[in-house]
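Make the full structure from the sequences, and use the hints.
The chain contents come next:
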Amino acid sequence: MARALAALALCVCAAVTLWSTGAQAEPRFALREGLPCSDCHVNRTGGGMRTAFGVAWAQTHLPTWRSVGAADPQLGSTVHFGANLRLDHRTILPAHTAIQGKQYSTPASNSFDISEGNLYLRADVVPDALSVYVDEVVAPEGASAREAFLLYGALPGGLYLKAGRFMLPYGLRIWDDTAFMRQQTGFNYANQDLGIEVGATGKHWSAALSLSNGSLGGADGNLAKQLTATVGVFDSWWRLYASAAWNDTSVRDFPFQTVTAGLHGGMRLARLTLLGSIDWIRGIGNPEIYDQYSLFTEGDFELWRGLHLRGRFEAFDPSRQIANNERDRFVVGLGWFPLQFSEIRLEYRKNRDIPQRPAGNADELLVQLHGFL
Amino acid sequence: MASFSQLRAACTASALLAIALGACGGAGVQPSPAPAESAAEPPATPAEGRQLFSALCSGCHGPRGDGKSPVAEHLFPRPRDLTRGEYRFRSTTSGALPLRADLLRSLALGLPGSAMPGWQEQLTDRQLLSLVLFLETLSPRFAAEPRQVDDLLVPADVTEVAETPASIERGRQLYTQLKCGECHGADGRGDGLAATTAKNSDGTPSHVFDFTYGVYKGGMRPLDVYRTFVTGLDGSPMPSYDQSIPLVADRWALVHYVRSLGRSKGAAFYATERPRWRDPLQDQPELRPAAPAERPATGTSTAEPSDPAAPGGLPEGF
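Sequence order for the protein chains is A and B. If you count the first sequence from 1, position 14 lands on 14 in my numbering, and the numbers rise without skipping. If you count the second sequence from 1, position 285 lands on 285 in my numbering, and the numbers rise without skipping.
FYI, nobody ran anything at the bench for these hints, they're computed from the structure. Be aware that a few hints might be false.
[Unchecked claim] If you want a taste of the chain A side facing chain B, the calculated C-beta under 8 Å gives, among others:
1) PRO36
2) SER38
3) THR51
4) LEU62
5) ARG66
6) VAL68
7) ALA70
8) ASP72
9) SER77
[Unchecked claim] Each computed DSBU-like pair below joins lysine-lysine, with the alpha-carbon atoms no more than 35 Å apart:
10) B:LYS199 / B:LYS179
11) B:LYS68 / B:LYS199
12) A:LYS225 / A:LYS203
13) B:LYS68 / A:LYS203
14) A:LYS203 / B:LYS199
15) A:LYS102 / B:LYS179
16) B:LYS179 / B:LYS217
17) B:LYS68 / B:LYS217
18) B:LYS199 / B:LYS217
Heads up, the beta-carbon is just placed ideally off N, CA and C, and yes, glycines get one too.
Written as structure tokens, this is what we have:
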């Protein structure tokens with residue numbers, strides 16, 4: 001049954017990607033509007049602080065109701081700021097599994113947590129040409145810079161240059177770092193890197209290439225660097241992107257390289273937005289080589305203005321060389337933007353893992369309050 | 001169980017977010033005071049409009065209002081170059097500047113089917129007026145060409161003629177007689193022969209409207225479509241039919257016909273979403289331009305025109 005569902009999801013994903021997107025940040029919004037990530041986010045590859053257009057769009061197109069008062073997140077014309085906070089209440093339901101007569105179980109629990117707490121600051125040092133950008137994590141742990149870079153935005157040929165610490169340009173940059181495609185590829189909000197990135201956005205395409213340490217934001221321990229790239233095309237109702245990365249983390253007698261590649265796409269059909277991603281990860285050691293796959297599909301149907309019904313299926317195969325070790329997850333939920341800059345999210349997650357890992361089989365109920373600017 | 005450091009971090013984050021949002025509110029757009037306090041409310045000013053424009057409008061129209069922004073090439077239709085002083089959705093004669101009420105209507109309700117949102121729910125009347133006053137500083141036309149009484153072509157209180165099967169049929173005949181199909185296509189799908197070569201005044205290709213879409217940027221009410229026919233859309237190939245359709249009943253018949261082409265679920269969706277238009281200038285006649293002295297009012301050719309020359313000066317919304 002699981003295989004059949006996985007195959008069905010694969011077909012849907014393939015159809016989606018063949019027809020269409022890949023995007024970052026809240027990719028379904030970019031897809032819904034037929035816009036590149038850079039229109040709404042200061043970071044040209046998505047996520048983090050919103051542009052003036054992104055702020056205006058978020059407060060006029062998303063909410064069910066709008067109260068009097070429009071956001072003006074700027075001090076003069078030079079300094080702009082923003083914020084993001086997600087408060088989660090996650091209930092983990094008890095799970096019981098058995099294999100060869102042996103019982104495994106995990107108890108129920110619930111907990112409040114701040115899954116995201118960030119402050120953004122952008123200073124337009126030279127208008128339209130040079131900006132200093134900082135995305136500071138202030139919760140749930142101590143303050144740290146998620147991103148801090150210089151952005152040269154008016155280079156010849158329509159190119160931009162990003163230099164500093166930033167999220168690497170790979171894949172669908174959805175908010176949920178627990179999604180397999182985010183968790184397992186390593187391209188998520190917890191992992192940034194130091195380096196430079198060049199890119200450009202055209203009327204119907206965008207591309208980015210980065211050269212970075214390949215050490216998850218730390219100092220590099222070898223001479224090799226990580227290369228990451230994404231390129232894609234988009235239109236008013238579809239998009240298709242391809243991403244790839246190569247990293248050599250070899251240290252002395254421990255050679256190891258990672259190759260990651262993925263196709264990300266989506267399409268909009270009236271009020272339905274579909275997203276999909278297939279990612280392949282190859283780890284090359286000596287002599288060991290392993291291959292991993294992850295699959296992500298998501299549908300978002302706008303029931304009414306600001307109220308979204310969402311469903312997701314994702315799967316992860318941690319090693320193609322080992323049979324029967326796949327993990328998958330079904331998610332159904334509602335997302336509601338009652339007023340501008342606020343979201344309430346309710347999700348039920350059904351997890352499936354190998355029986356020996358009961359925690360991986362525990363279902364979850366998530367209630368999330370999200371405020372952003 | 002959360003550790004002390006996690007709790008501390010959470011509290012810090014909450015405080016910082018509250019400060020940020022508070023600062024945003026402080027630097028941002030404030031709701032107007034309660035009606036009882038409105039007597040002390042400061043008047044609308046271009047300076048306030050500039051601040052609002054920078055925060056809310058520059059993302060699309062560019063910081064200088066010239067339509068040059070990073071998102072412009074991805075939006076359809078492109079954001080307007082407001083420095084040209086050329087506005088499509090007006091109630092004035094072809095080539096004339098729009099009334100303040102026209103600008104207010106577009107700002108308050110937005111342009112359905114485009115990226116332009118309506119701000120009526122979030123901005124106060126004063127703030128909307130401040131924006132209008134600032135928009136008028138972007139083009140020298142507003143200072144050089146004082147608006148005239150006889151610019152008004154479609155008063156806000158024009159009487160609507162009821163739709164009937166006969167009026168729709170009459171509208172269909174007019175659609176053919178006036179050769180609307182040369183641009184808009186025989187079935188109103190925007191695929192007429194001239195559609196491929198039509199250009200706007202700035203040289204960009206003109207997207208001929210598909211009536212079957214049923215969502216009208218100039219407004220969803222029959223009066224809004226009527227206004228477009230009578231005034232034309234400055235800057236686009238769509239001319240004014242003020243002279244070509246002298247009979248008011250015929251104008252409404254054409255409105256009824258083209259609206260009958262676009263009665264889709266999408267149109268109903270948009271129509272129910274839009275709030276009813278309310279003219280903020282109704283209560284603030286002091287914000288209307290002064291009437292030129294000794295100038296007779298002409299040019300209104302509606303069935304029951306308001307009287308611009310009546311005692312009290314200009315018609316509502318001028």
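Looking at the structure, which of the earlier hints fail to hold? Numbers 4, 15 - these are the hints that the structure violates, sorted from lowest upward.
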